Amino acid sequence: EVQLLESGGGLVQPGGSLRLSCAASGFTFSNYVMNWVRQAPGKGLEWVSTIGGAGNTYYADSVRGRFTISRDNSRNTLYLQMNNLRVEDTAVYSCAKDFETSLAPDYWGQGTLVTVSS
Amino acid sequence: DIVMTQTPLSVTLGQPASISCRSNQSLVHSDGNTYLSWLQQRPGQPPRLLIYKISNRFSGVPDRFSGSGAGTDFTLKISRVEAEDVGVYYCMQTARTSRSFGQGTKLEIK
Chain A
1 EVQLLESGGG LVQPGGSLRL SCAASGFTFS NYVMNWVRQA PGKGLEWVST IGGAGNTYYA
61 DSVRGRFTIS RDNSRNTLYL QMNNLRVEDT AVYSCAKDFE TSLAPDYWGQ GTLVTVSS
Chain B
1 DIVMTQTPLS VTLGQPASIS CRSNQSLVHS DGNTYLSWLQ QRPGQPPRLL IYKISNRFSG
61 VPDRFSGSGA GTDFTLKISR VEAEDVGVYY CMQTARTSRS FGQGTKLEIK
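Protein chains in written order, with this note's numbering: chain A, 1 to 118; chain B, 1 to 110.
Hints in this document: simulated from the structure, not taken from any laboratory.
Any given hint might turn out to be false.
Capping the alpha-carbon separation at 16 Å, the derived lysine to aspartate or glutamate pairs in EDC-like fashion look like this [said to hold, decoys possible]: (1) B:K53 <-> B:D85; (2) A:K43 <-> A:E88; (3) B:K53 <-> A:E88; (4) B:K53 <-> A:D106.
A few chain B residues facing chain A, derived, Cβ under 10 Å [unchecked claim]: (5) Q25; (6) V28; (7) H29; (8) G32; (9) S37; (10) P46; (11) P47; (12) F65; (13) S100; (14) F101; (15) L107.
Predicted, not measured: the structure shown is a model, and the values here were computed from it.
Positions of the beta carbon are idealized from the N, C-alpha and C atoms, including for glycine.
Isolated chain B (complex conformation) (with noise of 0.2 Å):
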């Protein structure tokens, strides 16, 4: 199975932020696409879809949330955090048919 693993984070609010994920095998699909999305999940709220296929940006989601990376090693970033950013994120492959997610990050404001 592959395990997914995120790096925790504290961010000042208006500061860039970035989250780490790793997968302890590659996330390229037989057919050449590379299945890693990023999910927000706000308290108390379902997640909500904000990156697929390692750099799309899902509809609605601003842009200052992109997301970059290959093979095992992927990362989130936010270009500005804003007070409404705090939740916890989280990676999720989908290139296998056991699907799994990291076991997420919380962002809190120092």
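Next up, chain A with everything else stripped away, as it sits in the complex (with noise of 0.2 Å):
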């Protein structure tokens, strides 16, 4: 059974960082394209990363320099690394694994809370 666990959340203040990590089970992680996507509280989805299997990684403009995704293969783990945190950026994150070669987000974590706020 796939699962994907998020931890790492937490409240911190404008300027500051914290790292998310995403635990993966039931699969081959390093065969799969990996995500973070994350939603404000009322609000739709908003892609944050991307990341192959390969380690290539793509970005959303709104969180580019400022955010970085890596991942782990022998620990099964992705990665969210934030800085200079923005109130904007208070949200659920949640990591998402690919469908094979579909390009299709599948199997979801049920997410972690950042808030930023002084």
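Hints given; two lone chains; assemble the complex.
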């Protein structure tokens, strides 16, 4: 059974940093494209970042230069390092894996809440 | 960046429903595939993949859900709406390295 479990969220002041983790199980982690998607309270889904199995990375304009996605295939874990956080980064952050080569996210974690506030 | 626009929806139980999604650029990838997906998010739950590459139903998705379209205009159809279909539906493009979602369509029952 595929499982994705996010951790690392919390309350942080503007300008601060957090590192999110996503522990994956139930599939061969290194073979799959992985994503971070966020959802602000009461709002829609917003794509944040994607990383390929070989480590190629892609970012939304709103986070490029501040967030870094990475993966440790030996630990089956996906990361999101978030620096210089802004109030507008407040959201539930979820990791999701792509379905084979469909470029569509098929399994999602429950998410971890990041609150940026002074 | 590709911007995805969806239409609102209010339907009657047992009746068909249709959700539209339009992109401001073609979603045809350089490999010839069109990477447009549909996801459903029920209240309090993570999103669920329904349809990928325009019209391919994901495993376990009821056959009352179908997808169609091409280029920049896409549609998700529900042949007969059931109470469990209540939620927000998102189209998502992954044709470009910068992915994007539509703003979401909330399916409400009249």
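Hint-by-hint comparison with the structure:
no.	hint	in the structure
1	B:K53 <-> B:D85	violated (21 Å)
2	A:K43 <-> A:E88	holds (12 Å)
3	B:K53 <-> A:E88	violated (32 Å)
4	B:K53 <-> A:D106	holds (13 Å)
5	Q25	violated (15 Å)
6	V28	violated (13 Å)
7	H29	holds (8 Å)
8	G32	violated (13 Å)
9	S37	holds (4 Å)
10	P46	holds (4 Å)
11	P47	holds (6 Å)
12	F65	violated (14 Å)
13	S100	holds (6 Å)
14	F101	holds (5 Å)
15	L107	violated (14 Å)
Against the hints set out earlier in the document, violations occur for numbers 1, 3, 5, 6, 8, 12, 15.
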